[in-house]
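Asker: One-letter residues, chain by chain:
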Amino acid sequence: MVTYLFILFATLAIAAALAMVLNRSTVNSALFLVLNMLSIAGIYLLLKAQFLAVVQVLVYAGAIMVLFLFVIMLLNVEDEEAVLDKINFRYIISVILGVVVLSYLLYIAGSMADALPPVAEDMAQVGTVEAIGDELFSTYILPLEITAILLTAAVVGAIMMAQHKFK
Amino acid sequence: MVEHIINSISHLYPEIAITLTLCVALIADLVLKKESHAIGWIVLGGLVITGVLVVAQTGRELSIFSDMLAVDPFAVFFKIMLLIASVLVVLFSMQSRELIDYVDRIGEYYMLILGMILGMFLMVGATNVLLMYLAFELTSICSYVLAGFTRRSLKSAEASMKYIVYGAVSSGIMLYGISLLVGITGAVSIYGINEALAAGVEQPLVLLVAGLMILVGLGFKIAIVPFHFWAPDVYEGAPITITAYLAVASKIAAFAMTVRFFKVAFLDNGVDIAGALPLVDAFNWSVILAVMAALAMIVGNLVALWQQNIKRLLAYSSIAHAGYILMGLVVLTDEGVSAIMIYVFIYLFMNMGAFYVAMLVSNKLGTEQIDDYKGLGRRAPLESVAMTVFLVALTGLPPTAGFIAKLFIFGAAINAGWLLLVLIAGIMTIVSLFYYMRVVRNMFLFEPQEEAGLLNFGLSSKIILMVMLVPTLIFGVYFTPVLEFARNSIQIFGL
Chain A
5 MVTYLFILFA TLAIAAALAM VLNRSTVNSA LFLVLNMLSI AGIYLLLKAQ
55 FLAVVQVLVY AGAIMVLFLF VIMLLNVEDE EAVLDKINFR YIISVILGVV
105 VLSYLLYIAG SMADALPPVA EDMAQVGTVE AIGDELFSTY ILPLEITAIL
155 LTAAVVGAIM MAQHKFK
Chain B
657 MVEHIINSIS HLYPEIAITL TLCVALIADL VLKKESHAIG WIVLGGLVIT
707 GVLVVAQTGR ELSIFSDMLA VDPFAVFFKI MLLIASVLVV LFSMQSRELI
757 DYVDRIGEYY MLILGMILGM FLMVGATNVL LMYLAFELTS ICSYVLAGFT
807 RRSLKSAEAS MKYIVYGAVS SGIMLYGISL LVGITGAVSI YGINEALAAG
857 VEQPLVLLVA GLMILVGLGF KIAIVPFHFW APDVYEGAPI TITAYLAVAS
907 KIAAFAMTVR FFKVAFLDNG VDIAGALPLV DAFNWSVILA VMAALAMIVG
957 NLVALWQQNI KRLLAYSSIA HAGYILMGLV VLTDEGVSAI MIYVFIYLFM
1007 NMGAFYVAML VSNKLGTEQI DDYKGLGRRA PLESVAMTVF LVALTGLPPT
1057 AGFIAKLFIF GAAINAGWLL LVLIAGIMTI VSLFYYMRVV RNMFLFEPQE
1107 EAGLLNFGLS SKIILMVMLV PTLIFGVYFT PVLEFARNSI QIFGL
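As you go down the protein sequences, you meet chains A and B in turn. Residue numbering for the first sequence follows the numbering used here, beginning at 5 and increasing consecutively. Residue numbering for the second sequence follows the numbering used here, beginning at 657 and increasing consecutively.
Just chain A, with the same shape it has in the complex (with noise of 0.2 Å):
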């Protein structure tokens, strides 16, 4: 079960990631992304990182994806195509056939049950919130603070940069 799910996600990931970079439309790209974000998410849960993959979840494919597409649609809006338009017969056999061969593609990986390692039990302690709060604040306390002062920095670069008029 993990292995499909791993291969699934794997391969949707990474087609995500080529979509996005092929696609002409800005919009059709930066919804990619989320795909390829949230598709990550499901690999972070199958490693068993709760922590890591909700956080993917809200932070990247919810915050900072809304503010992408929100730009996109302000600087770059097209018009409206409806997606009813698009579909014909040759659509629908072609996406039918593309489920076909994934399953088919994902059975046959799927018998090589044992291709993943198992995700060791002290490992799955490591992704909750608690133990990951803990080493923030303890080992991982300087490269935290640093963190604050590389934001700073950029924030103050970025109004720098971005400032479109000055004396």
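Errors might be hidden in some of the hints.
Stated by the list, open to error - Here are a few chain A residues that face chain B, going by a calculated C-beta distance under 10 Å:
#1 Thr143
#2 Tyr144
#3 Ile153
#4 Leu154
#5 Thr156
#6 Gln167
Stated by the list, open to error - Computed beta-carbon distance windows for the label pairs:
#7 A:Ser29 with B:Glu691: 45 to 53 Å
#8 A:Ile136 with B:Lys1020: 15 to 23 Å
#9 B:Leu1063 with A:Ile68: 51 to 59 Å
#10 A:Val159 with B:Leu676: 35 to 43 Å
#11 B:Val759 with A:Gly66: 38 to 46 Å
#12 A:Asn92 with B:Ile944: 53 to 61 Å
#13 A:Met77 with B:Met1093: 55 to 63 Å
Claimed, not checked - Non-contacting residues of chain B with respect to chain A, defined by C-beta distances greater than 10 Å in every case (computed):
#14 His693
#15 Leu700
#16 Arg753
#17 Gly804
#18 Val857
#19 Thr1044
#20 Leu1115
What the hints contain is simulated information worked out from the structure, not anything from laboratory work. Using N, Cα and C, we set each Cβ at its ideal position, and we do this for glycine too.
Once you have looked at the hints, place chain B on chain A.
Answerer: Here is chain B on its own, set in the frame of chain A:
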């Protein structure tokens, strides 16, 4: 844990001092008058205090914040180098004519310079790949913005843009390499990585790929061939003060990080350090580094021959110098490391000096073209003589300090048996003589135009010039102190 953190903080005073100066500079910008250089003086004060705190760390050798950061003689040496470079750059900035037009933003300018200093201080001491990456990124982000600080100039905007794109790609590749390395060794501190590698890894190929990817990021910061493409355009477009800072300080910090990372993570501690061998037999780091060093020397020096702009010329020359310095790392012995430190020490003064004269000329004449240097020997005698000394030192001829620098690094490479590499370096040194001397020839062998009078640069600029000129000359003759300083500072924590 709490005791450990509190104890660690007491060894972090220099970094804390910089962070406080950073905050003060940012706030002072809102309060003080911009024209009076007040912020510059505040920053200088902060740097002097930091200097005292760094010197107070001499002789300590310990690891703080759960193996995040090492405080050892090696780090202290490089912190002192970085501070000297930073003080000089702040002094340059107060005189730069380019920056006067942007006086409204000068608080942010100094704030970002301080951010860079903090990042470089951490790069020098970081012993954990996470902190290494964060420090690297802090330095980079500040320098991207600084490169585009003079925004009304198109070249500056271009420089910033190119720097960001190259920087983002290469640090992304480095981050991927780091994650692979952490994946196969299961450790984030470089001591842990060393232990895991010593115990043997199952996937040597992944280790090779990870190592190469990390080298991409480090090579970008050092500006070594083949990751040097950004350097000429960025150096040309950025304000001269920032160009000097990128060519000297961020390069020095990246070298310190590379040396620490390679020596601690990849060398077998069981073997005698002086003849230490790389851990992984399947992969010969020395050869890869040697090829990169040779390419940097060849490309840097040959392309410099055709440059018409003094900043571009110095950019290619700094690529070539990165090649010479990398020779010390190829050797991977203590002798090589101390040669790197001697080189860096002298490189700091001679390169900063050359950039300073270029800045003075650009302030007065508004030009960076080498052709416009014609007849400068009559119009600005002291500055022209100083420039000649700096360029002779960069070539590596006696009696200047540049000769000593090259002597030790070539010596270390010869002792380790890298004769071919030294041969290339020697030939390329002769090539470099041509383009350095072209500037000197323009200054002294041409008559100035009729209407051109004597240029007056003022007393303060002459004093700053002396601060760089005197060490460049004195250490060429009396170099024992540099030698002692470098040899006493090679102790890296954990080796």
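Asker: Check each numbered hint from earlier against the structure, then list the numbers of those it violates in ascending order.
Answerer: Failing hints, ascending: 8, 10 and 17.
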